[in-house]
Each structure stands twice: as structure tokens, then as C-alpha cells.
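*Asks:* The whole structure should be built from the sequences, with the hints applied where relevant.
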Amino acid sequence: MKTITKGNALYEVMGGKLIKDGFTNQQDLEDYVNHHYLVLPVVDKQGRPWLLDGKPIYCLRGTQYETVSDERVHLARCPDCGGMGIRTDEFVVESDCIHCTVCGHEFDARLEMMET
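In my numbering, the protein residues as written are 886 to 1001.
Honestly, the hints are just simulated from the structure, not real lab data.
Check before you lean on any hint, since a few could be wrong.
Dumping the calculated DSS-like pairs for lysine-lysine here, alpha-carbon to alpha-carbon at most 25 Å [stated by the list, open to error]:
no.: 1; residue 1: Lys887; residue 2: Lys930
no.: 2; residue 1: Lys940; residue 2: Lys887
no.: 3; residue 1: Lys887; residue 2: Lys905
no.: 4; residue 1: Lys905; residue 2: Lys940
no.: 5; residue 1: Lys940; residue 2: Lys891
no.: 6; residue 1: Lys905; residue 2: Lys891
no.: 7; residue 1: Lys902; residue 2: Lys940
no.: 8; residue 1: Lys930; residue 2: Lys891
no.: 9; residue 1: Lys930; residue 2: Lys940
no.: 10; residue 1: Lys902; residue 2: Lys891
no.: 11; residue 1: Lys902; residue 2: Lys887
Between beta-carbon pairs, the in silico distance windows are [claimed, not checked]:
no.: 12; residue 1: Asp913; residue 2: Glu991; range: 29 to 39 Å
no.: 13; residue 1: His959; residue 2: Gly907; range: 35 to 45 Å
no.: 14; residue 1: Arg972; residue 2: Thr909; range: 35 to 45 Å
no.: 15; residue 1: Lys905; residue 2: Val928; range: 18 to 28 Å
no.: 16; residue 1: Lys940; residue 2: Leu903; range: 15 to 25 Å
no.: 17; residue 1: Gly989; residue 2: Thr909; range: 35 to 45 Å
no.: 18; residue 1: Gly892; residue 2: Val924; range: 11 to 21 Å
no.: 19; residue 1: Asn910; residue 2: Ile971; range: 29 to 39 Å
no.: 20; residue 1: Gly892; residue 2: Leu936; range: 10 to 20 Å
no.: 21; residue 1: Leu936; residue 2: Gly900; range: 12 to 22 Å
no.: 22; residue 1: Glu991; residue 2: His921; range: 29 to 39 Å
no.: 23; residue 1: Glu991; residue 2: Gln931; range: 13 to 23 Å
no.: 24; residue 1: Glu991; residue 2: Gly900; range: 30 to 40 Å
Glycine included, C-beta positions come from ideal geometry on N, C-alpha and C.
*Replies:* Shown next, in the form of C-alpha cells:
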């Protein structure tokens, strides 16, 4: 289930129902989420959530990203800042050029995967 945090509490992203509150720190919250089949929005290295059209993005299956409404979106994590990378308009078969919305870094997602 996709969730969102507000203060020290965890809520369902759809419907806004309170799941649990009273978390003392981020680690406690993440431990709870990991043990209860819940998922938090993707964040960059500074802890800022990825937003697409003002709504959080979730990663449920490795590098597969989804919107709140379960729509799959082609995004990639920036190797520099951890921000949300979006494919640039010019699609070339030989490359998969991604532009980070946070720091502006441009990278090829396929090359990054092969290097790691």
C-alpha cells in the first residue's frame, strides 16, 4: 500500500486514512513500513520527495516507478543527487538520455546500470 507521511504520522495516500502515528524518527518510520508491506514516496539524497505533476512517485519493484494512481512512469535516479530523472524529448535508439529535474545532470540510464 502506498503511504505518505505528515509530521510523525503515516497515512494511506489514497483516502488519507491514518495508519499509525507517534514515530520518534525517520528510522522508526522506515522500519515500520518495511515490516508491514507499505511503501513510502521516493526521495532524493536530501530527503525531498520526487513529485510528478505535484504528486509523489513510488518505487515498488526495483527500478520500476509508479504514480499514486498506479501508472508506470519511465524515470531514473540521478547518480549525483538522487533526484528524479526524466527522459529528454530527443529519443535516440543508441542512448536513453535522462535529465535530472533537481540538479540538471544529464546521463544515460542504460550506461549507469551497466556500470553498477
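*Asks:* All the hints need checking, so say for each whether the structure fits it.
*Replies:* These are the hints, each one checked on the structure:
1. Straight-line distance between C-alpha atoms of Lys887 and Lys930 comes to about 20 Å, which keeps the hinted pair within the 25 Å bound.
2. Proximity of Lys940 to Lys887 is assessed by CA-CA distance (about 12 Å); at most 25 Å being required, the pair is judged to hold.
3. The suggested pairing of Lys887 with Lys905 holds, with an alpha-carbon distance near 14 Å, which does not exceed 25 Å.
4. Proposed proximity of Lys905 and Lys940 is supported: the alpha carbons are some 22 Å apart, at most 25 Å.
5. Straight-line distance between C-alpha atoms of Lys940 and Lys891 comes to about 14 Å, which keeps the hinted pair within the 25 Å bound.
6. Between Lys905 and Lys891, the direct Cα distance comes to roughly 11 Å. Compliance with the 25 Å bound is thereby established for this hinted pair.
7. For the hint pairing Lys902 with Lys940, the CA-to-CA distance comes to about 17 Å; that is within 25 Å, so the pair holds.
8. Pair hint Lys930 plus Lys891 holds up; C-alpha atoms about 19 Å apart against a cutoff of 25 Å.
9. Between Lys930 and Lys940 the CA atoms are separated by roughly 19 Å; this keeps the pair inside 25 Å, and the hint holds.
10. Restraint check for Lys902 and Lys891: satisfied, since their Cα atoms lie roughly 12 Å apart, inside the 25 Å limit.
11. At most 25 Å may separate the alpha-carbon atoms for a hinted pair to count; Lys902 and Lys887 meet this at roughly 12 Å.
12. Take Asp913 and Glu991: their Cβ atoms lie about 37 Å apart, and the range 29 to 39 Å holds.
13. The hinted window of 35 to 45 Å between His959 and Gly907 holds, with their beta carbons roughly 37 Å apart.
14. About 39 Å separates the C-beta atoms of Arg972 and Thr909, a value consistent with the hinted range of 35 to 45 Å.
15. Taking 18 to 28 Å as the suggested C-beta distance range, the pair Lys905 and Val928 conforms, at roughly 19 Å.
16. Lys940 and Leu903 have their C-beta atoms about 20 Å apart, which keeps the hinted 15 to 25 Å range intact.
17. Between Gly989 and Thr909, the C-beta spacing of about 36 Å keeps the proposed range 35 to 45 Å intact.
18. In this structure the supplied range 11 to 21 Å holds for Gly892 paired with Val924, their Cβ-Cβ distance being about 19 Å.
19. Restraint check, Asn910 to Ile971: a C-beta distance of roughly 32 Å satisfies the suggested window 29 to 39 Å.
20. A hinted range of 10 to 20 Å holds for the C-beta pair Gly892 and Leu936, which are about 19 Å apart.
21. At about 19 Å, the beta-carbon gap between Leu936 and Gly900 stays in the expected band of 12 to 22 Å.
22. At roughly 38 Å, the beta-carbon separation of Glu991 and His921 lies within the given 29 to 39 Å, and the hint holds.
23. Judged by the Cβ atoms, the range 13 to 23 Å given for Glu991 and Gln931 holds: they are separated by roughly 20 Å.
24. Between Glu991 and Gly900 the beta carbon distance is about 38 Å. The supplied range of 30 to 40 Å therefore holds.
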